[in-house]
Amino acid sequence: MDDRILTPERPSMPEEELPPEEVRERERPTWKDWLDLRTGWWGFVRKNLEEPMPPGVGWWQTLGNLLLTLLVFQFITGFALAMYYTPHPEGAYQSVRAITYELPGGSVVRGLHMWGSSFIVVVMVLHTLRTFFWGSYKKPRELTWVVGVFIFQILLAFSFTGYLLPWDQKAYWATVVGTRIAGTVPWIGDGLMEFIRGGHEVGAPTLTRFYAIHVMLLPATLVLFVAIHLYLVRRHHIAGPVVLQKGKPQPFFPGQLFKDAVVVLFGVGLLVYFAYAFPPALERIADPTGTDFSPRPEWYFLGLYELLKVMPPGWEVLATLVAPGLVTIGMFLLPWLDRSPYRHPARRQWAIVTATFIILFIGIFTLKGILETPKHHTP
Numbered sequence: 001m002d003d004r005i006l007t008p009e010r011p012s013m014p015e016e017e018l019p020p021e022e023v024r025e026r027e028r029p030t031w032k033d034w035l036d037l038r039t040g041w042w043g044f045v046r047k048n049l050e051e052p053m054p055p056g057v058g059w060w061q062t063l064g065n066l067l068l069t070l071l072v073f074q075f076i077t078g079f080a081l082a083m084y085y086t087p088h089p090e091g092a093y094q095s096v097r098a099i100t101y102e103l104p105g106g107s108v109v110r111g112l113h114m115w116g117s118s119f120i121v122v123v124m125v126l127h128t129l130r131t132f133f134w135g136s137y138k139k140p141r142e143l144t145w146v147v148g149v150f151i152f153q154i155l156l157a158f159s160f161t162g163y164l165l166p167w168d169q170k171a172y173w174a175t176v177v178g179t180r181i182a183g184t185v186p187w188i189g190d191g192l193m194e195f196i197r198g199g200h201e202v203g204a205p206t207l208t209r210f211y212a213i214h215v216m217l218l219p220a221t222l223v224l225f226v227a228i229h230l231y232l233v234r235r236h237h238i239a240g241p242v243v244l245q246k247g248k249p250q251p252f253f254p255g256q257l258f259k260d261a262v263v264v265l266f267g268v269g270l271l272v273y274f275a276y277a278f279p280p281a282l283e284r285i286a287d288p289t290g291t292d293f294s295p296r297p298e299w300y301f302l303g304l305y306e307l308l309k310v311m312p313p314g315w316e317v318l319a320t321l322v323a324p325g326l327v328t329i330g331m332f333l334l335p336w337l338d339r340s341p342y343r344h345p346a347r348r349q350w351a352i353v354t355a356t357f358i359i360l361f362i363g364i365f366t367l368k369g370i371l372e373t374p375k376h377h378t379p
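Residue 316 in this note's numbering sits at position 316 of the sequence shown, with consecutive numbering throughout.
For the record, the hints were derived by calculation from the structure and aren't laboratory data.
Please note that a few of the clues may not be correct.
Unchecked claim - Derived lysine-lysine pairs resembling BS3-like cross-links, with alpha carbons at most 30 Å apart:
id	residue 1	residue 2
1	Lys32	Lys47
2	Lys259	Lys139
3	Lys309	Lys368
4	Lys138	Lys47
5	Lys259	Lys248
6	Lys47	Lys246
7	Lys138	Lys248
Build out the structure end to end from the sequences listed, making use of the hints.
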């Protein structure tokens, strides 16, 4: 891209004809010049703005930047909540209650964080499906896909570990059910469940362990994998549509940047609306001796939960380990399992049919779980 697109033209004039003040002004470096000389920031920005976009690239390619923006929001709101949170059973519930009902703006911040996790899962699923149906995991982007699958798993781990932190009835009993799933793994189940819980039961060690994983291990891991993913995307560029479009490649600025900005503003605006319109609830404080509470996981785990419910005794491992394990392994190995050199869905029929069946299967069980969730729950 010509620099004149980004910088307005000024009529050239020999320096000897310029006023002395303007000559001195031109010779005096600005803070931008000082910073660019030492960091090369403007060259980096200009390279990204001038990146050629294949013809046909448009609104679907905005999901990656929307996801990245939501992750930044999640880090900011999570940091704000962590400053007021007490990570032990005696103080966890009271601190979340104080954040929600006493701290000015606390309910909104917690709502942004709570709804942000759901928004991130939705956008991540859409981004993954777009990548799959467009065949964007094909050579040379295999590792970009694999790193993206790792990010997907990390985001689900964020949701699982963060669910316990309010230490109310819903959080406690959902974690009991979730950790029991680990106990169904053959041979190592009991030891794995005890390791996750930090003991035989869900208690103070579990809360401390989940908090440490949620605010230390997972953020560091996510930042690493996101950095790798962005590097690979920059190296191999965005894959164009499956059908070759006529026309010349267009720079990222201004067309695609405008689309990204519109989608990001809409997504963030919708998130803020949900945080205000549907503030986060808080159940009664966790009671390990209570028997009157029906635990339900978050909506994105309801499919697995409903599948577990229909399994006959002794076959639970199919729902807790075999099915999710096969899907996860299949996602990691997809670039090599799908040997077709073509990206068009019509030339990848077995992959499209298999994935569609799995998506419908998960969707039906998830919808079943949502419809069966009591009204006092917020799935």
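Structure-based check of all given hints:
As the CA atoms of Lys32 and Lys47 are separated by approximately 17 Å, the hinted pair is consistent with the 30 Å bound. Taken as a hint, the Lys259 and Lys139 pair is honoured in the structure, with Cα atoms around 27 Å apart against an allowance of 30 Å. Under the criterion of a C-alpha separation no larger than 30 Å, the hint pairing Lys309 with Lys368 is consistent with the structure, at around 11 Å. Only pairs whose Cα atoms come within 30 Å are accepted, and Lys138 paired with Lys47 is accepted, the gap being roughly 25 Å.
Distance restraint check for Lys259 and Lys248: the Cα-Cα separation of roughly 18 Å lies within the 30 Å cut-off, and the hinted pair is therefore satisfied. For a cut-off of 30 Å, the pair hint linking Lys47 to Lys246 stands: about 24 Å separates their Cα positions. At most 30 Å may separate the alpha-carbon atoms for a hinted pair to count; Lys138 and Lys248 meet this at roughly 23 Å.
In this structure, none of the earlier numbered hints is contradicted; all agree with it.
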